[in-house]
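Here are the chains, one letter per residue:
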Amino acid sequence: VLVSIICSQNYPLYIRSVPTENELKFHYTVHTSLDVVDEKISAMGKALVDQRELYLGLLYPTEDYKVYGYVTNSKVKFVMVVDSSNTALRDNEIRSMFRKLHNSYTDIMCNPFYNPGDRINSRAFDNMVNSMMVQVC
Amino acid sequence: MSRPPGRKQENHKISRDLFVLTYGALVAQLCKDYERDEDVNSCLDRMGYGIGIRLIDDFLAHSDVKKCRSYSETADVIAQVAFKMYLGVTPSVSCCSATGNEFSLILDKNPLVDFVEELPVERASLCYCNLLCGVIRGALEMVHLAAEVTFLQDRLRGDAVTEIRIAFVRKAEDRKHKRK
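Sequences listed follow chains L and S, in order. Going by the numbering used here, the first residue of the first sequence is number 27, and it counts up by one from there. Going by the numbering used here, the first residue of the second sequence is number -11, and it counts up by one from there.
There could be a bad hint or two in this list.
[As the list claims (entries may be wrong)] In silico lysine-lysine, DSSO-like type, Cα no more than 30 angstroms apart, as pairs: (1) S:55 / S:72; (2) S:1 / S:97; (3) S:20 / L:101; (4) L:66 / L:126; (5) S:55 / L:126; (6) L:101 / L:51.
[What the hints assert, rightly or not] In silico contact screen, one side only, chain L against chain S (beta carbon under 7 angstroms); selected entries: (7) 40; (8) 137; (9) 139; (10) 142; (11) 147; (12) 150.
No wet-lab data here; the hints were simulated from the structure. Note that beta-carbon positions come from the ideal geometry of N, C-alpha and C, so glycine has one too.
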């Protein structure tokens, strides 16, 4: 399982995966999924952006894993990669995970010592992501 | 801190988030301007002093406190009336010296640090809320009570609670002495 936050200039602010081997492969997956995200964003066009449309859903399934995307109004993208073997995960759960991520992300943004565009180094955020990933595995 | 000039009688409230974010931006900018923590702290204290000498009149006009007859009454008024009026929290007061000149205000909830999770590593001795110390010092000075106000403990620096120490300086006998 992997969680990553990518900023609007398309460089990662935060990447964290639970089984820490194969991290490079995950980085590559996230990078390739950015194209799909951009495609979906441009396809939405002038549609009214409400909460549902922030969640992009399953970006693409591959042989081992599924990739989910979520983009905020400020073009910050959250990408989550989960094992395909984990069939117990439903859409609602993924949505709620993204919502939690978004809330924690806004808390970090409010920290006056955080400069937008910096890597995210917050312990509270790490703890939240850890607990979320533990739930998934 | 949010009253525009020429206000009418009704209380003009602004969003608390806006205030907390503004204060955070202020501290972050000071950190960019000054390299040393002590400089940032003293700058915050000076700013707070400037606010305090003006705020005291607003406070006295809006609250009906009578003249305080002792230092402990003063500390109680600061904690229960002033903090409540401006920040919405009520710290607890404890007297911690035999001569009755030093008091501690213990804040378990500090609204100014709502969004700050922890201090950045290179700013370990920053007093984030030093503005409050300056405000209290300035306000007391305008009612002719000289005091030294410092932070003893700070949640942001890892302590359990936030504690502000107010040490009233004895006036009248010795005009010149600076420390208690």
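Hint check:
no. : hint         : result
1   : S:55 / S:72  : holds, 19 angstroms
2   : S:1 / S:97   : holds, 20 angstroms
3   : S:20 / L:101 : holds, 27 angstroms
4   : L:66 / L:126 : holds, 22 angstroms
5   : S:55 / L:126 : violated, 51 angstroms
6   : L:101 / L:51 : holds, 24 angstroms
7   : 40           : violated, 15 angstroms
8   : 137          : holds, 5 angstroms
9   : 139          : holds, 5 angstroms
10  : 142          : violated, 12 angstroms
11  : 147          : violated, 9 angstroms
12  : 150          : holds, 5 angstroms
Checked against the numbered hints listed earlier, the structure breaks hints 5, 7, 10 and 11; every other hint is satisfied.
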